[in-house]
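Here the protein sequences line up with chains A and B, keeping their order. Its first residue numbered 1, the first sequence is counted upward by one per residue in the working numbering. Its first residue numbered 1, the second sequence is counted upward by one per residue in the working numbering.
Treat the hints with care, as some may be off.
For lysine-lysine, the following DSS-like pairs were computed, each having C-alpha atoms within a straight-line distance of at most 25 Å [to be verified]:
1) B/K66 / A/K194
2) A/K31 / A/K193
3) A/K31 / B/K265
4) A/K243 / A/K51
In short, the hints are calculated from the structure, not lab data.
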Amino acid sequence: MNIAVLLKQVPDTTAKIIISGGKVDENSVSKWSMSPYDEYALESGLQMKEKNGGALIAITCGPDRSKKMLTDAAAVGADTLVHISDEGVSDSTHVQQLLAAAIMKYEADVVLCGKQAADTNAGSTGPGVAEILEATCVTLVSEVNYTDGKYITMRPSNTGSEKVSTQGTSVFAFDKGTVELRRPNVRGIMMAKKKNIESITSSDLDVNLNNSNINLDSQTPPPEKAAGQKFEGAEHVPIVVSKLRNEANVI
Amino acid sequence: MAYEALDFYDVDSLLSEEERMVRDMVRDWVDEEVIPNIENACREGLFPDEWRVALGEMGVLGAPLKGYGCPGLSYAAYGVICRELERGDSGLRSFASVQGSLAMYPIWDFGSEEQKNHYLPKMASGEWIGCFGLTEPDYGSNPGDMITKAEDKGDHYLINGAKMWITNGTIAEVAVVWAKLDGVIRGFIIEKNDPGFSAPEMKGKHSLKASVTSELVFQDCKIPKDRMLPGVKGLRGPFSCLNNARFGISWGALGSAQACFDSAKEYAMSRIQFNHPIASYQLVQNKLAWMLREITKGQLLAYHLAQKKDAGTWIPEHISLAKMNNVDIALEIARVARDIHGANGILDEYPIMRHMANLESVKTYEGTHDIHNLIIGRHITGIQAFTREA
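If we strip away everything but chain B, and leave its shape as in the complex, we get:
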């Protein structure tokens, strides 16, 4: 069954033919391979390895990066890929976001020529999974005060510290980790078998269950000198990665929202109460109309942001607005969809509760909803409200 997406304003007609072909490729794969298997993956709490292989074969990992075996697509195409993947599951989109925007991107932008040639082709093909270590147990919204540090020991670096909430951590071959060297944040490439490095999986999540989340632990982790990313110092490094990932999320969340809308519409049309489909009642129509309204606005926001990203006329605040808004409406749409489904909405026969629980994570990671409000608040007023210090 070919999926027909809600596209009330025909926004996808603004995409190029190539972008639409990429969309259809990912869309068909999600319909055929992801949706039939996602509930099982969630119950078992694993990310199916064949999805890694398929993403590599389709050639969508690191979508907007050019050269070094990377796809070289537009940001609009990257957005569409995220949207189609997240219609399947936020955990699947998270895998692709982390691989492309958080692990491949810093190597591509800040890495040495040798690093790019060594890591990027194998990461684009999906052979090597990457992860990204910024957040720590005590430093989430405030990564600048991170504790993890690197020491220059002459012929090697020694890394000590811990990272938390790391998507793909346990299954990754390559970790891009941010640590302080003489008080300055720098990026380091850690490989799975480096001595003193371990990545235990975090268990017990009620959200993103088909995605692997881990801690990264560094106890006198010794790495060669050529593993530092030479091209960036300070928070600009991790933040530029996050900008790209957040861009992808602003599209991805619409995929979840569409999946919830589709299910709610279908359920409302077929569920009979008081002798008529509940879709014929005004309160339900009001909910469906609100969903369509918010999804359509979100689509226009995401599309225009992609144009700005491709044209290079964006600022980080543009991305904050889109990430914040689209995840917010997606989560609310999931909740309203659950309401329309009544008790059935809690079953995994329907995708609703899974998307809702996933979106609680998506609302928090990659800059919480509140932090994005503060970013925009600072943009409006010129006054930063993150800290009490001036």
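In isolation and in its complexed conformation, chain A is listed as follows:
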């Protein structure tokens, strides 16, 4: 079984984001990390591989810096590392085309990814790739097991949770699950260092990146948090209660 896991390198959730000239200044990002939902997809992919055998192909589309994340994936057990250059990419549909082409090139049977990336939060990769592959897609899954030719997944429903099974090529977009993420170890890190990263471009994949209909015009930081308010003495209790109820909406 070939298991493809789609990964994206994003600014670490603790990194400070600076907007400069209406765009996020990528050079100011102090730390880049694997998008947290993708970590769950990777862990589930590793468990699937351990249970059913096969190979795990870690695929990313991004700038050169994202190769480091592939090495991190190798340190926990990814077998094949594929880096697709993001040159010429201008929107999510381009990324989806490239990822789908790589998934076909590496003959993956099943595709795992995060439900959304922690930077753009678009949530379009899983469904978009499935659309191109004409594959089944299940989103917001917390676990996937492969038994008797079926993928059995758990996802939330409006009454609790639901069990969904699929057959054939399937794409699963992961939410944060209950699985515990594994840590790398020294042996894994030393093996990862020796692992080759296969770098490919859109032309290697025969993908023609058409003109995009979408343009990201500008980005703005979230509004600054208002200063805290301080109340002292019992006479302020009614005011505090009313603020907690009407402004903070917590009681």
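For chain A, the structure is supplied; the task is to place chain B on it using the hints.
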């Protein structure tokens, strides 16, 4: 929350990618598993067993040793591991130092093939804890006059004597103990259940509270003949172990210093006095600037020493300088950090007082601060000043 370390000169960019990956692995583990639990471990005075398991699983024990199931990393990686562990607690780093540099290293360097195959894989995996017995109640800086002795009884050795201040002693399966055989210092491997051997824990420490410290007592302790380390005689044996451990400490102390700096900076930025954060006052900025200055110098010292260690161009005096300097500045940084924290600095809500108390031990063990000065003094002048005898 990913930890962002003070690295003013970007010294870590000089590390290899592999070394940085090891750093991040240990750093994340310390953030997630050690820092939330360390104060409790100190209050209870115990070394959490799950930390032993995790260190073994990460594969960092005996970091620079190659073969026999050992990690085979560089000395720079070993240094980084020590630094990240000690940012959590000096007791945790002590555990790793003793296991790797003081217990595994002598077996790896001076042991027989059988000894290496028997002990090292289980020690690298953390299954067996090791300890190191050199210091005695009456012989600390002067280990050459040790009393503990071994006698050759034909088909076995008989060990008599006592060792003191032994990290991991009570919890160890394996003790590497230095004793005199016919007046010559030799290394012996003692196992937990050897007859005549006991390792009572020393209680009442105000320092390294999350680390186990013990006495080792030998009363006609009988061990098989194949337990002596064949490859070394004299003080060179224990001293070569200490060189490696001291190297690790020179990095480790920077971890403590960084933890104190981080806490002092954060506290100074948020503590308001006279309507402004105390970080806006010149005296506090002066203290923070001094901390950053000393940490940065210490980082460069440690990094360059690691390069020399990996290249094999080091001398013991290089290690003495780094151990002495970096522990010294770390302790002073802890004290100044306590000052910046005001009364809050004495609470275990902040890591300051714990690091400070730990560093008092670190300043003394593995060659006291003064002894390292004498080592360097001898190097400068050619005159030894340890004893009054010529």
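Hints versus structure:
no. : hint           : in the structure
1   : B/K66 / A/K194 : holds, 18 Å
2   : A/K31 / A/K193 : holds, 20 Å
3   : A/K31 / B/K265 : holds, 21 Å
4   : A/K243 / A/K51 : violated, 54 Å
Violated hints amount to a single one, hint 4; each of the other numbered hints is respected by the structure.
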